[in-house]
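A.B. asks: Construct all of the structure, not just a fragment, from the sequences and the given hints.
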Amino acid sequence: MVKAVVAGASGGIGQPLSLLLKTSPHIDELALYDVVNTPGVATDLSHISSRAKTTGYLPANDGAKAAFKDADIIVIPAGIPRKPGMTRDDLFNINAGIVKGLIEVVAEVAPKAFILV
1 MVKAVVAGAS
11 GGIGQPLSLL
21 LKTSPHIDEL
31 ALYDVVNTPG
41 VATDLSHISS
51 RAKTTGYLPA
61 NDGAKAAFKD
71 ADIIVIPAGI
81 PRKPGMTRDD
91 LFNINAGIVK
101 GLIEVVAEVA
111 PKAFILV
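So the sequence shown is numbered by the working numbering: it starts at 1 and just counts up by one.
Treat the hints with care, since some could be wrong.
[Claimed, not checked] Here are the simulated PhoX-like pairs of lysine-lysine, each with C-alpha atoms no more than 25 Å apart in a straight line:
#, residue 1, residue 2
1, K65, K112
2, K83, K112
3, K69, K53
4, K69, K100
5, K69, K83
6, K83, K100
7, K53, K112
8, K53, K65
9, K65, K100
By construction, these hints were calculated from the structure, which means they are not laboratory data.
C.D. replies: See the structure below:
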């Protein structure tokens, strides 16, 4: 059994990445996590015939812990896009904070997972 997680699954990179993972014959469980819309993305992907059971999680009710628990592979395309007037340093600092928060949860519930950022 291979469990993969996409953190940032509702974004412009996360959605097509989730689609590709859903169609992979190597994935048995696909957990999608983001701050908005993830259950809807999971429902859309559930109509694709594949072996991967797909579930969407939101931050409420410890959604991150539930999504990451016992994961084998975690891909993190999460982050905000650069806005007008924002420096690269600003963008890096905000996105680094997002990734840091996710990694802290991963360390607690899936310490042996492979992590791709």
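A.B. asks: Does each hint fit the structure? Answer for all of them.
C.D. replies: For each hint, the structure was consulted:
1. K65 / K112: Between K65 and K112 the Cα gap is close to 14 Å, so the pair holds against 25 Å.
2. K83 / K112: With a Cα-Cα distance of about 35 Å, the restraint between K83 and K112 is violated, given a limit of 25 Å.
3. K69 / K53: With a Cα-Cα distance of about 15 Å, the restraint between K69 and K53 holds, given a limit of 25 Å.
4. K69 / K100: holds (17 Å)
5. K69 / K83: violated (33 Å)
6. K83 / K100: Between K83 and K100 the Cα gap is close to 21 Å, so the pair holds against 25 Å.
7. K53 / K112: Measuring from Cα to Cα gives roughly 21 Å; hence the hint holds.
8. K53 / K65: holds (18 Å)
9. K65 / K100: holds (14 Å)
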